[in-house]
Amino acid sequence: MEELLSFENFITLFMLILLQAVLGIDNLLYLSIESKKAPLAKQKKVRKIGIIIAVLLRIILLFILVESIKYFQETIFSFDSFIIAAKFNFHSIIVLFGGGFILYTSVSEIIHMLNFEDKLDENANPKSIKSIITSIVIMNLVFSFDSILAAIALTDVFVLMIIAILAGGLIMIKLSDGVTEFLKKNRMFEVLGLFILFLVGVMLLSEGAHLAHMSLFENEILPMSKATFYFILFVLVLIDIIQNRYQKILNKK
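Residue numbers (my numbering): 729 to 981.
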């Protein structure tokens, strides 16, 4: 118990919670956008249920990864041709699936947004609660995969990792309603959010391809660095803020 309450473990726990919070931003964005497909009265409930189930499954995933992480890196199948070559392991398949799903979601939402008749009544054809919660849970697990691997790299104290996951879940529950309300009141930022999700999908696809040692025409696919991602994210947000401010100035004239 004394070792668990050591200063080093407190610092590690703080870093783990910070990691869960930072890596959970894109997760929170997806959660807010996906929950809007539910009937208005049930959106808040859907977000909370989705997060709670996802946190429980994340703890189970943590236990599985701790016990069998070496098997996630072993090659399941591979192929080699002049056009494309790859060696897929379980980790790469999960990341590629997540990237493809997020890319599909963001593009379909952008197309839906451009259909003005559908946007007049967003709850005219709401998705079923089960399908929305399932989507939220699946994508939460995809987003959490790398954060769990990073947590394992930071510490081998299982209790600290569980506390960090629970704290991350509480932070998401606390912020989810605020993010959703902000997007409702500032609809132009919803467009920005969808393009950020699109960027997240591209980043995950590049990372999954790298994990699978994929190459196109004998050129290795490299992952998008986190620094590049956050720089593009900063530029997108800055452009959106300046554009909105400039539009307000024009409207006053």
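Simulated from the structure, these hints should not be mistaken for laboratory data. Predicted model only: the values in this text are computed from it and were never measured. Backbone N, C-alpha and C define an ideal beta-carbon position, used for all residues, glycine too. Among the hints, erroneous ones may be present.
Ranges between beta-carbon positions, derived for each pair [what the hints assert, rightly or not]:
| no. | residue 1 | residue 2 | range |
| --- | --- | --- | --- |
| 1 | S734 | K858 | 29 to 35 Å |
| 2 | V794 | E736 | 40 to 46 Å |
| 3 | E946 | F791 | 23 to 29 Å |
| 4 | I780 | F738 | 43 to 49 Å |
| 5 | I960 | G906 | 23 to 29 Å |
| 6 | E946 | T803 | 17 to 23 Å |
| 7 | Q971 | F818 | 38 to 44 Å |
| 8 | F945 | G906 | 30 to 36 Å |
| 9 | I777 | F738 | 38 to 44 Å |
| 10 | S856 | F742 | 22 to 28 Å |
Hint check:
Checking the proposed 29 to 35 Å range against S734 and K858 shows it is violated: the Cβ atoms sit about 44 Å from each other. Separation of V794 from E736 is about 20 Å and departs from the stated range, judged on CB atoms against 40 to 46 Å. A beta carbon spacing of about 40 Å between E946 and F791 contradicts the range 23 to 29 Å that was offered as a hint. For the pair I780 and F738, the supplied restraint of 43 to 49 Å is violated, since their beta-carbon distance comes to about 26 Å.
Between I960 and G906 the Cβ separation comes to about 24 Å, which falls inside the hinted range of 23 to 29 Å. The supplied range of 17 to 23 Å is met by E946 and T803, whose beta-carbon atoms lie about 19 Å from each other. Taken as a hint, the range 38 to 44 Å holds for the pair Q971 and F818, whose Cβ atoms sit roughly 42 Å apart. Checking the proposed 30 to 36 Å range against F945 and G906 shows it is violated: the Cβ atoms sit about 46 Å from each other.
A hinted range of 38 to 44 Å for the beta carbons of I777 and F738 is inconsistent with their spacing of about 32 Å. At roughly 40 Å, the beta carbons of S856 and F742 sit outside the given window of 22 to 28 Å.
In this structure, the hints that do not hold are numbers 1, 2, 3, 4, 8, 9, 10, in rising order.
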